[in-house]
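S.K.: Listed below, chain by chain, are the residues.
Protein chains: 2
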Amino acid sequence: MNQETKPYVIGLDLGGTNSVFGIVDKEGNIVAQTSVKTKGHGTVEQYVADCVEALNVIIAEVGGIDKINAMGIGAPNGNYYTGCIDFAPNLPWQEEHIPLARMFSDALGGLRVRMTNDANAAAMGEMIYGAAKGMKNFIMITLGTGVGSGIVINGQVVYGCDGMAGELGHVIVEKHKGRQCGCGRKGCLECYCSATGVARSAREIVSSSDVPTALREIPVDEIESKHVAIAAEKGDPIAKSIFEFTGRMLGEACANFAAFSSPEAFIFFGGLTKAGDLIMDPIRKAYDENVLKIYRGKAQMLVSKLDDAAAAVLGASALGWEE
Amino acid sequence: MNQETKPYVIGLDLGGTNSVFGIVDKEGNIVAQTSVKTKGHGTVEQYVADCVEALNVIIAEVGGIDKINAMGIGAPNGNYYTGCIDFAPNLPWQEEHIPLARMFSDALGGLRVRMTNDANAAAMGEMIYGAAKGMKNFIMITLGTGVGSGIVINGQVVYGCDGMAGELGHVIVEKHKGRQCGCGRKGCLECYCSATGVARSAREIVSSSDVPTALREIPVDEIESKHVAIAAEKGDPIAKSIFEFTGRMLGEACANFAAFSSPEAFIFFGGLTKAGDLIMDPIRKAYDENVLKIYRGKAQMLVSKLDDAAAAVLGASALGWEE
Numbered sequence: 001m002n003q004e005t006k007p008y009v010i011g012l013d014l015g016g017t018n019s020v021f022g023i024v025d026k027e028g029n030i031v032a033q034t035s036v037k038t039k040g041h042g043t044v045e046q047y048v049a050d051c052v053e054a055l056n057v058i059i060a061e062v063g064g065i066d067k068i069n070a071m072g073i074g075a076p077n078g079n080y081y082t083g084c085i086d087f088a089p090n091l092p093w094q095e096e097h098i099p100l101a102r103m104f105s106d107a108l109g110g111l112r113v114r115m116t117n118d119a120n121a122a123a124m125g126e127m128i129y130g131a132a133k134g135m136k137n138f139i140m141i142t143l144g145t146g147v148g149s150g151i152v153i154n155g156q157v158v159y160g161c162d163g164m165a166g167e168l169g170h171v172i173v174e175k176h177k178g179r180q181c182g183c184g185r186k187g188c189l190e191c192y193c194s195a196t197g198v199a200r201s202a203r204e205i206v207s208s209s210d211v212p213t214a215l216r217e218i219p220v221d222e223i224e225s226k227h228v229a230i231a232a233e234k235g236d237p238i239a240k241s242i243f244e245f246t247g248r249m250l251g252e253a254c255a256n257f258a259a260f261s262s263p264e265a266f267i268f269f270g271g272l273t274k275a276g277d278l279i280m281d282p283i284r285k286a287y288d289e290n291v292l293k294i295y296r297g298k299a300q301m302l303v304s305k306l307d308d309a310a311a312a313v314l315g316a317s318a319l320g321w322e323e
Numbered sequence: 001m002n003q004e005t006k007p008y009v010i011g012l013d014l015g016g017t018n019s020v021f022g023i024v025d026k027e028g029n030i031v032a033q034t035s036v037k038t039k040g041h042g043t044v045e046q047y048v049a050d051c052v053e054a055l056n057v058i059i060a061e062v063g064g065i066d067k068i069n070a071m072g073i074g075a076p077n078g079n080y081y082t083g084c085i086d087f088a089p090n091l092p093w094q095e096e097h098i099p100l101a102r103m104f105s106d107a108l109g110g111l112r113v114r115m116t117n118d119a120n121a122a123a124m125g126e127m128i129y130g131a132a133k134g135m136k137n138f139i140m141i142t143l144g145t146g147v148g149s150g151i152v153i154n155g156q157v158v159y160g161c162d163g164m165a166g167e168l169g170h171v172i173v174e175k176h177k178g179r180q181c182g183c184g185r186k187g188c189l190e191c192y193c194s195a196t197g198v199a200r201s202a203r204e205i206v207s208s209s210d211v212p213t214a215l216r217e218i219p220v221d222e223i224e225s226k227h228v229a230i231a232a233e234k235g236d237p238i239a240k241s242i243f244e245f246t247g248r249m250l251g252e253a254c255a256n257f258a259a260f261s262s263p264e265a266f267i268f269f270g271g272l273t274k275a276g277d278l279i280m281d282p283i284r285k286a287y288d289e290n291v292l293k294i295y296r297g298k299a300q301m302l303v304s305k306l307d308d309a310a311a312a313v314l315g316a317s318a319l320g321w322e323e
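Chains A and B are the protein sequences, given in the same order.
Using the numbering used here, read the first sequence as starting at 1 and increasing by one per residue.
Using the numbering used here, read the second sequence as starting at 1 and increasing by one per residue.
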């Protein structure tokens with residue numbers, strides 16, 4: 001790491017709508033930022049060319065490419081080993097494997113470019129700039145539309161034999177009568193503990209019972225996790241019970257994950273964590289009740305403190321500090 | 001690794017009854033062997049002294065301590081980080097933490113000594129001498145009285161924040177109405193997929209139904225897993241269904257483990273693997289049916305080929321080849 005002469009890294013958060021670039025220093029300050037629409041460039045070659053044009057402006061602002069240590073990309077289905085995006089359904093290009101890391105490297109004069117998926121990038125971001133600074137063994141859980149994860153063991157993100165390890169959202173937590181998951185199987189953690197899962201829990205309770213709840217004021221098909229959060233904060237007992245249920249499912253799952261890698265922390269990120277103790281208390285309680293005795297009291301249950309808007313860019317950029 | 005001038009390592013398989021020592025070469029040949037009763041030495045200091053006396057005889061046979069690269073110990077509750085045995089209920093010493101690695105090192109002139117638990121040692125043995133030679137990512141599952149595991153990621157055994165990671169036998173696989181486990185919780189993998197679990201499945205079926213089976217010829221409280229294996233090999237449909245059930249539980253669990261570390265292989269060791277295809281076929285089938293699509297077809301399901309009697313010593317000795 002050549003921090004003194006190359007004090008910055010570039011992070012790219014590649015989303016379905018926007019591609020956000022940040023130039024980041026070792027402390028996690030985004031010193032320059034730009035963005036490009038992900039769609040509308042035709043070929044992926046043209047997309048890269050248009051990105052680099054925008055990027056060169058902010059690179060010049062910080063003193064030129066010589067100040068840049070490396071670049072990291074966080075992208076859906078980004079494969080760390082190959083530097084390719086593999087079969088990404090929400091991106092505009094049709095190729096099965098897009099060698100995006102190499103393409104950016106070529107367009108940036110041979111700069112070292114690494115890529116991984118969103119949740120692994122988030123884990124890197126926590127390790128370099130965030131709640132996991134100094135930790136060697138932790139598990140990052142992202143609670144968004146789905147449930148993602150990035151697992152760090154011995155200070156390294158776990159990529160497995162194929163670059164695809166760490167899909168804890170698709171651990172089956174309900175073998176019997178589990179909810180149908182988008183992956184084609186039933187009972188995945190993601191079906192219960194994502195924003196979508198919370199909305200689903202709410203809709204199930206509202207339509208299968210006549211218990212009084214503020215959630216009935218919303219047409220049942222339009223209930224979203226944010227409605228549950230608002231109602232829970234106002235003290236609605238049904239909404240609160242939904243967060244309790246969600247937290248319990250997560251805590252039980254984390255207790256099983258502990259038997260795998262005995263982490264020093266679980267770090268949660270994403271919209272659902274905004275519910276604060278409403279979700280964190282049941283996570284901690286279910287974890288303590290379910291974890292094997294030898295692990296009890298060892299893992300902290302933390303919420304990411306990285307700024308939501310910046311976290312994805314920071315996470316991607318963190319790859320640029322790897323040796 | 002100084003293989004040319006130090007061609008051997010020492011392995012100690014420390015069991016409740018016997019302490020077996022082997023001097024092992026790089027190819028996994030045990031070139032000299034001795035053993036000492038684990039009990040009856042009074043203090044642990046005397047145990048180590050008596051062990052070293054026996055050990056010095058075989059060390060002399062191979063040309064003296066200068067030929068020894070290092071020593072590895074596989075012991076129940078052996079902690080890799082500290083080199084201590086922590087709270088081992090089946091060993092004769094009362095100390096909470098026994099610094100056995102250091103004690104052997106001191107008694108052997110400062111020889112490098114490493115320790116880990118039995119299942120992690122088994123994983124090391126497979127990686128250095130066995131079915132996992134050349135692999136960087138695999139999961140070892142030992143099917144004995146209990147279910148143990150050793151997880152290898154990026155070529156390293158996973159020890160976690162405390163040296164205690166990799167207790168996959170205590171992942172809860174039945175959240176609802178799970179069997180009572182010796183660990184105090186309910187529904188652990190070990191309650192179903194150990195030799196004890198197989199016997200329990202047999203007793204449950206025999207006592208809760210009147211289906212015809214050769215297993216009824218044995219008093220129900222005396223049914224052991226070996227009876228189930230013998231009956232299954234003779235074609236007894238109930239005994240075969242018990243192995244199918246056991247294999248299915250294991251295959252489903254492994255499908256979840258894949259989402260953690262995406263291994264290139266699962267390697268099974270222990271008495272139950274003697275049932276061959278009777279257990280391996282249902283493991284493979286349940287795994288293929290339950291694993292997330294992106295992992296399908298990637299992990300091999302292998303049975304250890306290491307000799308049963310030698311495997312524990314080999315596994316322990318493999319620690320001696322670590323850098």
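Hints listed in this document are in silico derivations from the structure and should not be mistaken for laboratory results.
Any given hint could turn out to be false.
Okay, the calculated beta carbon distance ranges per label pair [claimed, not checked]:
# : chain 1 : residue 1 : chain 2 : residue 2 : range
1 : B       : Gly110    : A       : Glu27     : 25 to 33 Å
2 : B       : Asp307    : A       : Glu4      : 40 to 48 Å
3 : A       : Thr145    : B       : Lys293    : 14 to 22 Å
4 : A       : Thr82     : B       : Arg216    : 53 to 61 Å
Quantities reported herein were computed from a predicted structural model and do not represent experimental measurements.
No residue lacks a Cβ here, since even glycine has one placed at the ideal position from N, Cα and C.
S.K.: Each hint needs a verdict: does it hold in this structure or not?
M.R.: Each hint tested on the structure:
1. In this structure the hint that Gly110/B and Glu27/A lie 25 to 33 Å apart at CB is violated, the actual value being about 44 Å.
2. At about 56 Å, the CB distance of Asp307/B to Glu4/A disagrees with the hint of 40 to 48 Å.
3. Range check, Thr145/A to Lys293/B: about 19 Å between beta-carbon atoms, so the 14 to 22 Å window is met.
4. In this structure the supplied range 53 to 61 Å holds for Thr82/A paired with Arg216/B, their Cβ-Cβ distance being about 57 Å.
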